[in-house]
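Quick note, the sequences are listed as chains A and B, same order.
Last residue of the first sequence? That's 449 in the working numbering, and every number before it is there in order.
Last residue of the second sequence? That's 449 in the working numbering, and every number before it is there in order.
By construction, these hints were calculated from the structure, which means they are not laboratory data.
Honestly, I wouldn't trust all of these hints.
Which bits of chain A does chain B cover? Going by a derived footprint, with three or more residues having C-beta under 8 Å, they are [to be verified]: (1) 262-270; (2) 295-301; (3) 326-335; (4) 347-358; (5) 372-378; (6) 412-422.
Don't be surprised by glycine CBs; every beta carbon is placed ideally from N, CA and C.
Number of protein chains: 2
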Amino acid sequence: MEKIKVIEVKENVLANNDRAAAALRAKLHDEGTMLINLMSSPGSGKTTLLSATLDALADELAIGVMEADVDSDVDAYTVQSHGAKAIQLHTGGMCHLDAAMTEQGLRNLGTEGLDLVFLENVGNLICPAEFDTGAAKKVMILSAPEGHDKPLKYPLMFEVSDLVLVSKMDVAQYFDFSLEKLTENVRLRNPHAQILPLSAKTGEGMDAWIDWLRAEVAAWKA
Amino acid sequence: MEKIKVIEVKENVLANNDRAAAALRAKLHDEGTMLINLMSSPGSGKTTLLSATLDALADELAIGVMEADVDSDVDAYTVQSHGAKAIQLHTGGMCHLDAAMTEQGLRNLGTEGLDLVFLENVGNLICPAEFDTGAAKKVMILSAPEGHDKPLKYPLMFEVSDLVLVSKMDVAQYFDFSLEKLTENVRLRNPHAQILPLSAKTGEGMDAWIDWLRAEVAAWKA
Numbered sequence: 228m229e230k231i232k233v234i235e236v237k238e239n240v241l242a243n244n245d246r247a248a249a250a251l252r253a254k255l256h257d258e259g260t261m262l263i264n265l266m267s268s269p270g271s272g273k274t275t276l277l278s279a280t281l282d283a284l285a286d287e288l289a290i291g292v293m294e295a296d297v298d299s300d301v302d303a304y305t306v307q308s309h310g311a312k313a314i315q316l317h318t319g320g321m322c323h324l325d326a327a328m329t330e331q332g333l334r335n336l337g338t339e340g341l342d343l344v345f346l347e348n349v350g351n352l353i354c355p356a357e358f359d360t361g362a363a364k365k366v367m368i369l370s371a372p373e374g375h376d377k378p379l380k381y382p383l384m385f386e387v388s389d390l391v392l393v394s395k396m397d398v399a400q401y402f403d404f405s406l407e408k409l410t411e412n413v414r415l416r417n418p419h420a421q422i423l424p425l426s427a428k429t430g431e432g433m434d435a436w437i438d439w440l441r442a443e444v445a446a447w448k449a
Numbered sequence: 228m229e230k231i232k233v234i235e236v237k238e239n240v241l242a243n244n245d246r247a248a249a250a251l252r253a254k255l256h257d258e259g260t261m262l263i264n265l266m267s268s269p270g271s272g273k274t275t276l277l278s279a280t281l282d283a284l285a286d287e288l289a290i291g292v293m294e295a296d297v298d299s300d301v302d303a304y305t306v307q308s309h310g311a312k313a314i315q316l317h318t319g320g321m322c323h324l325d326a327a328m329t330e331q332g333l334r335n336l337g338t339e340g341l342d343l344v345f346l347e348n349v350g351n352l353i354c355p356a357e358f359d360t361g362a363a364k365k366v367m368i369l370s371a372p373e374g375h376d377k378p379l380k381y382p383l384m385f386e387v388s389d390l391v392l393v394s395k396m397d398v399a400q401y402f403d404f405s406l407e408k409l410t411e412n413v414r415l416r417n418p419h420a421q422i423l424p425l426s427a428k429t430g431e432g433m434d435a436w437i438d439w440l441r442a443e444v445a446a447w448k449a
């Protein structure tokens with residue numbers, strides 16, 4: 228087992244974050260590496276979903292993963308065991324990553340030859356929504372157990388996301404959860420976001436997500 | 228239906244938060260009102276648990292609830308319908324409440340005659356852990372679907388909590404969740420926190436939580 232590198236990332240308070248994010252995005256575009264900012268609450272199933280995603284795409288794409296956490300490195304080892312080039316970012320108590328922190332992470336990960344990098348952002352529906360990390364796309368995961376009212380309570384996260392993955396659909400029946408109501412609530416905040424219900428456990432809906440990734444990576448490299 | 232008051236709370240950047248929190252706690256102690264800071268991830272079942280708690284204690288205690296959210300006031304109407312004096316706090320995008328914001332909320336709620344006030348903090352396992360709000364006790368809710376590894380990833384929240392309520396235990400069997408492992412992980416961060424598994428839906432474990440509240444309110448007023 229390869230030892231996971233742990234990087235203590237620090238916010239660059241002086242830089243204009245939007246400018247830094249745009250520059251990072253342009254650089255990644257030139258290099259043909261697509262960065263996805265993956266955001267969610269704690270316990271939404273990000274790591275399980277990433278592991279299943281890596282298994283599905285292992286033969287097609289070279290994938291890197293940056294796991295951002297306040298502490299611990301358990302997730303980085305998990306995704307590494309599913310074939311990703313993995314690195315752990317520690318935010319020193321901060322509840323989000325900005326473009327400078329993301330760039331530090333990418334430099335330490337090493338993006339050469341990678342088609343796709345997932346930034347697994349800190350588990351939080353508030354702060355990460357406010358910062359452009361330089362990613363090509365923002366994808367958020369809402370797990371069915373969290374409930375369909377979340378777009379009303381965390382509006383910015385739903386507003387900024389290009390794609391809303393609804394995870395743990397295999398257990399949705401045990402909760403007061405309606406995909407229809409969730410869709411209505413997302414639409415109040417974001418008329419354009421795609422919504423894909425899925426379960427990494429049963430495989431339901433995974434094909435649509437994998438197809439979305441394939442198409443986005445192809446478009447990014449075109 | 229009484230219209231819920233919505234307060235836009237603002238952080239007092241100049242004040243020393245710890246000093247303000249201590250002063251607020253002393254004032255509430257003099258007045259015989261116990262404030263509980265209730266923290267959790269989005270979708271952990273805070274509002275459902277609060278509603279069941281209000282139903283159980285309605286004949287014994289006068290209870291107030293301050294619902295803090297980035298946006299919306301749906302939860303405040305819910306808890307009001309269960310007999311609490313309720314108010315909605317909007318944090319203007321901020322991911323936590325500090326003592327000054329809590330005091331603004333209490334002033335607008337009106338605490339005279341209240342035995343117990345719940346501050347339902349913003350759904351977030353990171354920022355709220357860093358700020359003393361002036362509450363007598365810090366209670367966190369972790370829902371079983373979030374997983375038993377959360378103390379490793381959000382250590383400060385588990386470190387500062389007096390009581391960890393493990394919610395949605397009725398569906399724990401559908402998830403990779405072990406109460407034993409959770410307890411081990413909590414103990415790594417906090418040897419003293421009580422841990423109470425429960426389900427507001429089935430009523431399992433609710434007695435222990437209600438007894439804890441009764442004893443704490445009695446001790447606060449003694």
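Okay, the hints, checked on the actual structure:
{"no.": "1", "hint": "262-270", "in the structure": "holds (count 3)"}
{"no.": "2", "hint": "295-301", "in the structure": "holds (count 5)"}
{"no.": "3", "hint": "326-335", "in the structure": "violated (count 0)"}
{"no.": "4", "hint": "347-358", "in the structure": "holds (count 7)"}
{"no.": "5", "hint": "372-378", "in the structure": "holds (count 5)"}
{"no.": "6", "hint": "412-422", "in the structure": "violated (count 0)"}
Of the numbered hints listed earlier, those contradicted by the structure are 3, 6.
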